[in-house]
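**Q** Keeping the supplied structure of chain A fixed, place chain B upon it in accordance with the hints.
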Amino acid sequence: MARALVNVPKTAKRGEVIAIKTLISHVMETGFRPSATGVPIPRDIINQLVCSYNGTEIFRAELHPAIAANPFISFYTVATESGTLTFAWTDDGGETQVQSASITVE
Amino acid sequence: MTANSMRGTRRGFLVGATRLLGGLGVAALLPRPEARATPAAMQAAIKQIVGEASLRRGRIKLDVPPLVENGNAVPLEVSVESPMTEADHVKAIHVFNEKNPQPHVIGVRLGPRAGRASVATRIRLADTQKLVAVAEMSDGTFWTDDVEVVVTLAACLEDPV
Numbered sequence: 006m007a008r009a010l011v012n013v014p015k016t017a018k019r020g021e022v023i024a025i026k027t028l029i030s031h032v033m034e035t036g037f038r039p040s041a042t043g044v045p046i047p048r049d050i051i052n053q054l055v056c057s058y059n060g061t062e063i064f065r066a067e068l069h070p071a072i073a074a075n076p077f078i079s080f081y082t083v084a085t086e087s088g089t090l091t092f093a094w095t096d097d098g099g100e101t102q103v104q105s106a107s108i109t110v111e
Numbered sequence: 153m154t155a156n157s158m159r160g161t162r163r164g165f166l167v168g169a170t171r172l173l174g175g176l177g178v179a180a181l182l183p184r185p186e187a188r189a190t191p192a193a194m195q196a197a198i199k200q201i202v203g204e205a206s207l208r209r210g211r212i213k214l215d216v217p218p219l220v221e222n223g224n225a226v227p228l229e230v231s232v233e234s235p236m237t238e239a240d241h242v243k244a245i246h247v248f249n250e251k252n253p254q255p256h257v258i259g260v261r262l263g264p265r266a267g268r269a270s271v272a273t274r275i276r277l278a279d280t281q282k283l284v285a286v287a288e289m290s291d292g293t294f295w296t297d298d299v300e301v302v303v304t305l306a307a308c309l310e311d312p313v
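Quick mapping for you: the protein sequence lines, in order, are chains A and B. Per this note's numbering, the very first residue in the first sequence carries number 6; after that it's consecutive. Per this note's numbering, the very first residue in the second sequence carries number 153; after that it's consecutive.
Hints in this document: simulated from the structure, not taken from any laboratory. We put the beta carbon where it would ideally sit given N, CA and C, even for glycine. The reader is advised that the hints may include incorrect statements.
Unchecked claim - To give an idea of the chain A side of the interface with chain B (calculated C-beta under 8 Å), a few residues:
1) F37
2) N52
3) R65
4) E67
5) L68
6) I72
7) A73
8) P76
9) T82
10) V83
11) V110
What the hints assert, rightly or not - In the DSSO-like style, the derived pairs of lysine-lysine whose C-alpha atoms are separated by at most 27 Å in a straight line are:
12) B:K282 to B:K199
13) A:K26 to B:K243
14) A:K26 to B:K213
Okay, chain A solo, but in the shape it has when bound (with noise of 0.2 Å):
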């Protein structure tokens, strides 16, 4: 689907909270927007961050027309043990693209 950049830190303390910042690009078109001919430009928009931490489901954002092309999102998490985290982003095409970081817990 797109370019997609995930930023966690490669080790970290058991139970630390450590910061995960996503970006994916994307138009996120909203639909509102009129093209040349003065037909609205149809939506397409990533509406959905799900975050997986080996498998267990730790975070998920719905994303609207309002949040800003090339969604940035980030959020927090307890580094509990080492393994992967997973990041799924959906479109309104129902398209996922998938991008996947390792941590390794002391």
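**A** Relative to chain A, chain B alone:
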């Protein structure tokens, strides 16, 4: 006629012409009908989330710059005071607006594993308006905060592509 007065006249003409064109541009933009959410639509959207429960002030903080130059990407951060334990945590955070085409901005589901109930993103603002954040706690209470934001260049009004 001296060189000075020449320049003065030319400048006067240019300033006048620019103002005239600028005025026309603004006039051309204004009558465009826009789908708009209203404060009532926002209240209805909030009601859908909150239901019959009462909204209380405090615990939640909505952080947005009070003056925004470009409404196409406005940094926004919502943080809620909460121990984020299994017994007492933030279940969800919602953000609403008054004057974008739709009242919803973002809805986030959290759990005790979040550690800190804080979310940041970048949003679009179509006009100078009030933003409202609502936090839903695990004990069923709702907390709210609102911010008035002044927007100089609105999103959603750019020229057709």
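**Q** Against this structure, judge whether each hint is valid.
**A** Hint by hint, here is what the structure shows:
1. F37: holds, 5 Å
2. N52: violated, 10 Å
3. R65: Since chain B brings a Cβ to about 4 Å from R65 (chain A), closer than 8 Å, the hint holds.
4. E67: Check passed: Cβ of E67 (chain A) comes within 4 Å of chain B, closer than 8 Å.
5. L68: OK, holds: L68 (chain A) within 8 Å of chain B, min 6 Å.
6. I72: Nearest chain B Cβ about 6 Å off; hint holds.
7. A73: holds, 4 Å
8. P76: holds, 7 Å
9. T82: holds, 6 Å
10. V83: holds, 4 Å
11. V110: violated, 13 Å
12. B:K282 to B:K199: holds, 17 Å
13. A:K26 to B:K243: Given that 27 Å is the threshold and the Cα spacing comes to 20 Å, the pair holds.
14. A:K26 to B:K213: holds, 20 Å
Comparing the model with each numbered hint stated earlier shows that hints 2 and 11 do not hold.
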